[in-house]
Amino acid sequence: MGHQVDQEIVANICRMVELGLPPERVELLTPHLQGILALLAALDELDLAEVEPETVFSAEWR
Amino acid sequence: MTSTTDLSYHSIREAAGLIQARSLSPVELTQACLDRIAQVEPKVQAFVTLLAEPALAAARQAEVAIRRDDYRGPLHGIPIALKDLYHMQGIPTTASSKVRADYVPTYDAAATERLADAGAILLGKVTTHEFAYGIVSPPTRNPWDLERIPGGSSGGSGAALAAGECLGALGSDTGGSIRIPSSFCGVTGLKPTFGRTSKYGVTPLAYSLDHVGPMTRTVADTALMLQAISGGDPRDRCAADRAVPDFLVSLHDGVQGMVLGVPTNVYFDNIDPEVERAVRQAIALLEGEGAIVKEVMLPSLAYALAAEFAIFMSEASAYHQRDLRASPDLYTPDVRLFLELGELLPATTYLKAQRARRLIKHDFWQAFEEHGLSALLAPTTPGTAPQHDQATYNFGAEEPTTVACVRLCGPANLTGLPALSVPCGFSSTGLPIGFQIIGRPFDEATVLRIGQTYEAATDWASRRPLL
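Residue numbers (my numbering), protein chains in the order written: chain A, 1 to 62; chain B, 1001 to 1467.
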């Protein structure tokens, strides 16, 4: 799945994560984010079914 | 008469033998490294902080101790450089960043502490790409060609070793940061199994991908340094509480009958034909030494690059979240950009990558079990060291240099498997080429044994750049 982003979306996400960026910074970021999302879209092809993440919690005290 | 340059190019093993026999003084050896640093540092620029006086003082102490028969082992009196991510009490640890320009830790990293306990002489701190987030490591230059990068992020470690400024160095590896500069600078570097070494006191890049490991000029020296820094540590919950084997005991046992896998996908895609030729020749050499070579397919490897990027971008941005808001202008433009981008990735993408990671790990396990593999063999980097202003490789398809290098090195970070980069030749332009040996979890001994067998049959490790 190719996620399409534009400057408005990027500006909104930046506001949501309280990363106050000026418009020129948002403009710079947008094509790079598009590129990264295109790379990460490869993960959408995987059938992960019941696979758990490699971040299992351990209750061990150490 | 031995010149100071010859001394500073000694392997740790050679120097240790001479020191133990009292025919070489740690002071003489440390001074030889300092002389070499004075000679080549204006060109190479590997050191951030040089600890000349403390190093000489420590060398004098080592000399006295050895004279009293208080010899601590093969690192006693050996000059070592630390990547500037390793905490050292009272010494600036800048991570090569203005963000940490004034940071002076009040404690030692576990690896710093263990090297000091082994009697190593800590010569100083060497460059990293800012916060280990890249492969350029400015301002350091590659000793084989000053117009080229040393690789990174442990670029200072690789360059200092190739230039004969130290006998060993510590690096760290999140997506290839030990192996990439080892390959570009013609030295040997090991990313141990995740958990073999403690990360305590090492500035993180990505919590679940970071590895602490040695870089040296020979495989045996890598084994010696690994021996000193390995083992559990209650201060690092990732450090495995398991016995540390003797990494030297089987080093010279050869590869007769070992089954070695060669991946048929990803690792040999879009690589420099000169690199492919050198790596295939290395594989053939090991086959000639008695190994059985099998081609193996790792289906989920195609997703490794995406998983690696999703994980390290998210984890790095989490670590830097506060500083990025407080002082964004203190970061270099490339690192700031990556940190901002990492902030914009959904948590679900991070977890999807961690789920993919489990599949990739399973694929590696399956390949090792089904084929009875002792290790996998592959190129370390797709090409030789790029020029300082070179952003991409093009070996059939244009690819950013960082992405291309992470494509080949990242799978060992995702799986946590030990991976050793060993020099395996030079390009027609005189640049080093490296190949990696990826082993079973916590089986660094076999990885080192394969590397040693290869190194002993070639002379790449003894070559020096003209500086």
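It is worth saying that the hints were derived from the structure and are not from the lab.
Each hint should be verified, as a subset may be incorrect.
[What the hints assert, rightly or not] Label-pair restraints from in silico Cβ distances:
{"#": "1", "chain 1": "A", "residue 1": "Gln34", "chain 2": "B", "residue 2": "Glu1287", "range": "56 to 62 Å"}
{"#": "2", "chain 1": "B", "residue 1": "Thr1348", "chain 2": "A", "residue 2": "Leu28", "range": "22 to 28 Å"}
{"#": "3", "chain 1": "B", "residue 1": "Arg1235", "chain 2": "A", "residue 2": "Glu24", "range": "40 to 46 Å"}
{"#": "4", "chain 1": "B", "residue 1": "Leu1330", "chain 2": "A", "residue 2": "Gln4", "range": "53 to 59 Å"}
{"#": "5", "chain 1": "B", "residue 1": "Arg1322", "chain 2": "A", "residue 2": "Glu45", "range": "24 to 30 Å"}
{"#": "6", "chain 1": "A", "residue 1": "Glu24", "chain 2": "B", "residue 2": "Ala1326", "range": "45 to 51 Å"}
{"#": "7", "chain 1": "B", "residue 1": "Glu1041", "chain 2": "A", "residue 2": "Ile9", "range": "46 to 52 Å"}
Every residue, glycine too, gets a C-beta built ideally from N, C-alpha and C.
Hints, verified against the model:
At roughly 45 Å, the beta carbons of A/Gln34 and B/Glu1287 sit outside the given window of 56 to 62 Å. Restraint check, B/Thr1348 to A/Leu28: a C-beta distance of roughly 25 Å satisfies the suggested window 22 to 28 Å. Range check, B/Arg1235 to A/Glu24: Cβ separation about 43 Å, and the 40 to 46 Å hint holds. The hint said 53 to 59 Å for the Cβ distance between B/Leu1330 and A/Gln4, and at roughly 33 Å that hint is violated.
About 35 Å separates the C-beta atoms of B/Arg1322 and A/Glu45, a value inconsistent with the hinted range of 24 to 30 Å. Our hint of 45 to 51 Å for A/Glu24 and B/Ala1326 is violated, since their Cβ atoms are close to 20 Å apart. Distance hint for B/Glu1041 and A/Ile9: a CB-CB separation of about 48 Å, consistent with the stated range 46 to 52 Å.
Going through the hint list in order, the structure does not satisfy hints 1, 4, 5 and 6.
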